[in-house]
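Colleague: Spelled out, the chains give:
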Amino acid sequence: MEILTNIGLNHYLTISALLFGFGLFAVMTRKNAIVILMGVELILNAANINFLAFSKFNGGMEGVMFSLFIIVLAAAEAAIALAIVINIFKLFKSVDVSAIDTMKE
Amino acid sequence: MNNATYITIFYIFAAVTVFSAAFVVFSKNVIYSAFSLLFTFFGAAALFVFLSADFIAVTQVVVYVGGILVLLLFGVMFTNTIMQADLKTDVLHVVPGILLLAATVGGMLFTFYTTGSWKPSDVQLEGSVVERIGFETMSRYVLPFEMASILLLAALIGAAFLARFDKVRNNEQ
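As you go down the protein sequences, you meet chains A and B in turn.
Quick note on our numbering: the first sequence kicks off at 1 and runs consecutively.
Quick note on our numbering: the second sequence kicks off at 106 and runs consecutively.
I should point out that these hints are in silico values taken from the structure, not numbers from a laboratory.
All residues carry an ideal CB built from backbone N, CA and C; glycine is no exception.
One or more of the hints may lead you astray.
Said to hold, decoys possible - Beta-carbon label-pair distances, calculated as ranges:
1) B/166 / A/77: 14 to 20 Å
2) A/101 / B/221: 44 to 50 Å
3) A/60 / B/131: 24 to 30 Å
4) B/117 / A/62: 26 to 32 Å
5) A/7 / B/205: 40 to 46 Å
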């Protein structure tokens with residue numbers, strides 16, 4: 001009971017491990033490129049939770065700043081990835097990543 | 106705040122985050138996945154408040170929910186014919202995926218819970234970090250901050266260039 005009621009670092013690490021596992025599962029098994037992007041966002045969120053948890057229990061500001069930059073990178077990555085996905089849809093008329101197997105138009 | 110209330114609220118937000126993340130991954134419908142991702146982001150933002158990173162929580166809500174999620178929904182609407190009744194997506198490699206999920210999560214949890222205990226610092230982050238973020242951004246992290254702005258500009262131009270309608274090629278034909 002002690003471990004359940006005393007919220008510590010392990011609780012946050014557990015949540016983050018689960019989010020990371022789900023994101024990895026989405027990236028590995030889904031065919032739709034948009035859902036794969038959602039999986040990548042889940043993985044980035046898991047990393048954010050880890051950084052902030054370690055920063056909280058370490059008392060420094062490094063994790064907080066790093067998670068801020070992760071959010072910036074996630075925004076840039078989502079914009080570029082969506083543009084690429086839309087281009088793929090224009091060329092192949094589908095976003096099924098297992099059907100995209102040629103580099104020629 | 107009462108300790109029991111604090112713990113209850115933490116577990117509620119943890120459950121919201123984890124279960125909606127599971128629904129994102131295991132739902133067959135892309136639209137349901139996108140809307141479930143909304144709850145994951147909000148739950149994660151609430152957890153950030155527990156970690157006394159209130160500014161990051163607000164940024165998470167503004168950037169992820171207001172920006173990335175809307176962008177993903179745009180992507181879903183662009184790349185599926187809305188009139189087509191099923192927005193279903195197929196899956197492949199389900200069994201290796203489940204094995205990898207179980208192995209990764211199990212391995213990490215085993216490592217966290219068995220290899221000794223963490224030794225937290227005596228001085229932990231308390232209260233609001235907004236002021237400290239401002240000082241850090243303008244002192245130690247001023248170079249990454251400027252590089253992030255250049256990266257965002259490049260991403261903006263690149264995304265607009267990649268996603269625009271291809272007028273040049275249509276004129277040539």
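Colleague: Now tell me if each hint is right for this structure.
Modeller: Outcome of the hint check:
| no. | hint | result |
| --- | --- | --- |
| 1 | B/166 / A/77: 14 to 20 Å | 19 Å, holds |
| 2 | A/101 / B/221: 44 to 50 Å | 48 Å, holds |
| 3 | A/60 / B/131: 24 to 30 Å | 37 Å, violated |
| 4 | B/117 / A/62: 26 to 32 Å | 29 Å, holds |
| 5 | A/7 / B/205: 40 to 46 Å | 29 Å, violated |
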